[in-house]
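Visitor: The chain contents come next:
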Amino acid sequence: MSKKIFSFAFFAICILLSTSAVGAESGKTLVENSANFDGKTVVLRGEVIGVMERGDFAWVNVLDGEVAIGVWVRNEDARKISFVGDYRHVGDLVEVVGTFHMACPEHGGDLDIHADKFTVLTVGRELDRPLNMPLALLSVALAAGAITLALYLRHVRREREKMVPVPSY
Amino acid sequence: MLFLIPPLEKEDLKIIGHSLSNICYLSGALLLLPIIVAVVYEEFDVIPSFLIGSAASIFFGSLLSFFLYTKREMEVKHAVVMAAVAWLVAPFFASVSFWLANALSSYLDALFESVSGFTGTGLTVAVNIDHLPRSVNFLRHFLQFVGDGIGIIVISLSILGKTEISSVLAFKGEAKDTGIRPSIVRTSRIIVGIGLTFLIIGTSLFTIAGLKEGLDFGTAFFEGLNLSMTGYATGGFTPHSQNLLYYHSFWFEVVAIILMVVGALNFNLHYAVLGGKRGEILKNMEVKILLLWLLVVGSLVSANLLFVGLYPSSEALFRKGVFQAISAQTTTGFQTVYPYHLMFMWPVLSVLLLVAAMVSGGCANSTSGGIKMLRVGMLLKSLVREIRQALMPKSAVVTGSFHHVEDTPLTDKMVRGAATIALSYLILFSIGTLITVGHGYGLEDSMFETASALGNVGLSSGITSPLMPATLKAVYIFLMWAGRLEIMAIFVLAGFIILGLRKGIKE
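Line by line, the protein sequences are chains D and A.
Note that the numbering used here has the first sequence beginning at 1, numbered continuously upward.
Note that the numbering used here has the second sequence beginning at 1, numbered continuously upward.
Hints are not guaranteed to be accurate.
Unchecked claim - Counterexamples of contact, computed for chain D against chain A with all Cβ distances above 10 Å:
| id | residue |
| --- | --- |
| 1 | Phe37 |
| 2 | Trp59 |
| 3 | Arg74 |
| 4 | Asp116 |
| 5 | Thr119 |
| 6 | Thr122 |
| 7 | Lys162 |
Claimed, not checked - With a straight-line Cα cutoff of 20 Å, these simulated SDA-like cross-link-like pairs (lysine to any residue) come out:
| id | chain 1 | residue 1 | chain 2 | residue 2 |
| --- | --- | --- | --- | --- |
| 8 | A | Lys277 | A | Glu406 |
| 9 | D | Lys28 | A | Gly462 |
| 10 | A | Lys71 | D | Arg157 |
| 11 | A | Lys71 | D | Arg160 |
| 12 | A | Lys71 | D | His155 |
| 13 | A | Lys14 | D | Arg154 |
Source of the hints: derived by calculation from the structure; they are not laboratory data.
In this text, a Cβ means the ideal position worked out from N, Cα and C, and glycines have one as well.
Chain D extracted, bound-state conformation (with noise of 0.2 Å):
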């Protein structure tokens, strides 16, 4: 496996451990046992991996591992996280209290947690991704043979198509 991949599931693995830390609940809990938890205060952790501002609040997306939840949140909490969660960055790891929605009245039905306190446990980080070199040589000898031989292969045909057939006798 690469790095990309351990490293990943390295974090996955820290952002687990740190929802199964006493009082948070994990996102699959909470969307396994949706019923049972609508409408109470429950405890989400994970990382921020999507932020979109509307009006006086905004929706934080917090993906613990497994599964993500959006949640509500104002916008002088939202305006705390500094990296949102990609492919070149680690999001934020936050620690979301707040009320739990089966089916939001107020949002279209969607499930989610209208947060009381919202507190950034890690400041994310931006991930270095180097470039493979060996590979990225080997694909370039690679795409350059494959359209010579495409070329070669072409224009072989073409002189073969120019050749007049010997008369048999």
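Given chain D, put chain A in place with the hints provided.
Guide: Frame of chain D; chain A shown alone:
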């Protein structure tokens, strides 16, 4: 009956192989496009994976083109077999890129994702979609647009092929055999033109919606482009693991509905409407049945959800119930509900209605899958005709007709063809369900996931994941492939292979 069929000749293999070379060349060229995205987003480390996939495709194509070169024209059998093989060959090269980019956890997963993309299914086994390179994510969506949205096989042949005949026949192989216009090059241009028009409209609408809903311009445009490609292609891939739930937006869902419905309509209808025949929308039998069926499924699902009190408002019923019904019927697979909720909290009736919608599908000659509304319409008309015949005197002859761009008499041959496809579909659906149940999943989940794979839908009950058994992944790859080819091409390919094995290949 096998003795009546002439044996295969070496020339047959050459015709198929040479046509496949065009598909390989085009796949190779298309795999270079994500490199632009990788450069824009500075994802230089994944560029080699696209280059290698592209090089492999061009390399294979040039060998086929050289060693299987022939000037002979295609016949129907060649076109059908070529289409069946092409829908495996093209995903193969894209899967090489997915695999080398470490986007998926195994090569089988990479192939699954690639087949799901090319066939416009949308079931995903990607481990962590939210952290995928943008260029890889672009490739996932782009595959659905070129594979299912504009039909890569016809396009490749009409652009790179020598004549139009091969393309007309390939069109038959892809089960889009009621051509829009006599000229296939013109037809291909129209299909590409329609696709690009809706891509531009969809991207613009999603970008506006994204800006309104708090995304920055770059993200709104990029994600809008991706969602438009898969929305129009009725594919269903999205750039995030939460699917459309990620955006928490009514407007995103409205734009998605527009694209899904447009994608599920017949290309002939688009062409007729663009040509000024606006009344065709209301007269066309297939459209009438699609809209009626959408209304019935959407209303029943909403009423059922209202009855069990799962959602608190009419807006929620629309955004969850009606949206999922449209997504299933158009065979798109965009989801606004967590798979777990769909299977374990939604009432059984609603789930079964979605299964029925996925099996019946959208219009023929569209980007959607399933049995297709044209066939459903023919079978219903035939049923009515039979009932009328039974009630009439013995000497009376009852005829039937339907309007599909033009008034068409309903012949027994048409009904037989529709019934054969529908029956084959239901047999494969039953076998797929049984195999899934055999892997330890519940009947309801198994029916749902099988209908989704075979109908090239992409809605998931949660079965499809990187952790699902490898044998089931292989079965779903087969179902997605068979569903995309509307099954008959698979039988022809099987017949072709059996013929070769039994009678050998003549020089």
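Visitor: Was D/Phe37 rightly flagged as not at the interface, with every chain A Cβ beyond 10 Å?
Guide: holds (13 Å)
Visitor: If I take the minimum Cβ distance from D/Lys162 to any residue of chain A, is it greater than 10 Å?
Guide: Since the minimum Cβ distance to chain A is about 14 Å, D/Lys162 lies beyond 10 Å and the statement holds.
Visitor: Between A/Lys71 and D/Arg160, is the straight-line Cα distance small enough, at 20 Å or below?
Guide: Within the cut-off at roughly 14 Å; holds.
Visitor: Closest CB-CB distance from D/Thr119 to chain A, is it above 10 Å?
Guide: For D/Thr119, whose nearest Cβ neighbour in chain A is about 21 Å away, the distance exceeds 10 Å, so it holds.
Visitor: Verify this label for me: D/Thr122 is non-interface relative to chain A, using a Cβ-Cβ cutoff of 10 Å.
Guide: At about 17 Å from chain A, D/Thr122 clears the 10 Å cut-off, so the statement holds.
Visitor: Check the non-interface label on D/Asp116: least C-beta distance to chain A beyond 10 Å or not.
Guide: holds (19 Å)
Visitor: Check the hint pairing A/Lys71 with D/His155 against an upper bound of 20 Å on the C-alpha distance.
Guide: Since the Cα atoms of A/Lys71 and D/His155 sit roughly 17 Å apart, the hinted pair holds (cutoff 20 Å).
Visitor: Could you grab the alpha-carbon distance between A/Lys277 and A/Glu406 and see if it respects the 20 Å cut-off?
Guide: holds (11 Å)
Visitor: Was D/Trp59 rightly flagged as not at the interface, with every chain A Cβ beyond 10 Å?
Guide: Violated: least Cβ distance 5 Å, not greater than 10 Å.
Visitor: Hint check: A/Lys71 vs D/Arg157, CA-CA at most 20 Å. Holds or violated?
Guide: Cα-Cα ~12 Å, so holds.
Visitor: Need the status of pair D/Lys28, A/Gly462: alpha-carbon distance at most 20 Å?
Guide: holds (12 Å)
Visitor: Non-interface claim for D/Arg74: all C-beta distances to chain A beyond 10 Å?
Guide: holds (14 Å)
The earlier numbered hint that this structure contradicts is number 2, and it is the only one.
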